[in-house]
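Asks: Work out the full structure: start from the sequences and follow the hints.
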Amino acid sequence: QKEVEQNSGPLSVPEGAIASLNCTYSDRGSQSFFWYRQYSGKSPELIMFIYSNGDKEDGRFTAQLNKASQYVSLLIRDSQPSDSATYLCAVNKENYGQNFVFGPGTRLSVLP
Amino acid sequence: ETGVTQTPRHLVMGMTNKKSLKCEQHLGHNAMYWYKQSAKKPLELMFVYNFKEQTENNSVPSRFSPECPNSSHLFLHLHTLQPEDSALYLCASSQGGTAGGQETQYFGPGTRLLVL
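Chains as they are written, first to last, in our numbering: chain G, 1 to 112; chain A, 1001 to 1116.
Simulated from the structure, these hints should not be mistaken for lab results. Please note: incorrect hints may appear among the correct ones.
Here are the simulated DMTMM-like pairs of lysine to aspartate or glutamate, each with C-alpha atoms no more than 25 angstroms apart in a straight line [unchecked claim]:
| id | chain 1 | residue 1 | chain 2 | residue 2 |
| --- | --- | --- | --- | --- |
| 1 | A | K1036 | G | D27 |
| 2 | A | K1041 | G | D83 |
| 3 | G | K93 | A | E1053 |
| 4 | G | K42 | G | E5 |
| 5 | G | K2 | A | E1053 |
| 6 | A | K1040 | A | E1053 |
| 7 | G | K42 | A | E1053 |
| 8 | G | K42 | G | D83 |
| 9 | G | K67 | G | E94 |
Replies: The structure is reproduced here in structure tokens:
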């Protein structure tokens, strides 16, 4: 089992819809969780991080964490064509360390 | 200059060449990272430095040699690379240490490397 798994996509949604991106992780002791956006040919850009179970909202983005199910998701409301990118889920397996593992990414396409 | 910078942005080298990648962070962080990103593969963590001490080396071939002279600078020395080493090499930094708090990584723009 891979440490961090994501559907590779592409996930296509119409403009204005909600895009839902999912991520599962295998290490039950993982402590912190991150969503990055990566445009083609560019480096990953941090969108959100979440440490506690539940929802965390930031503008059009909502991260959801369920540690019991080892599941983290990212919702993008009112999707725009500019949101078209690959979304990377990352997990830090240590509470006060630097042991990061990335998923393969989900490619999102928002259709005008 | 802000954030994390990397030079060069593009590099073409032959298999017998020696070159170095440079990373500099202006965020006051104490941990720095090298990642490799190949087409259709997840980001692969190569090396981690925390307060200039190497804490992770994920079975990286010896033809890649990191150097961290201080908390703001990180180098990746390359020699006798193979064509399969062609990839995007990303540097990142985070707060570092073990005194508490959560780590959040910020990435540089990357160096696109092509080995002929």
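Asks: What hints, given by number in increasing order, does this structure fail?
Replies: Hints 5, 6 and 7 not satisfied by this model.
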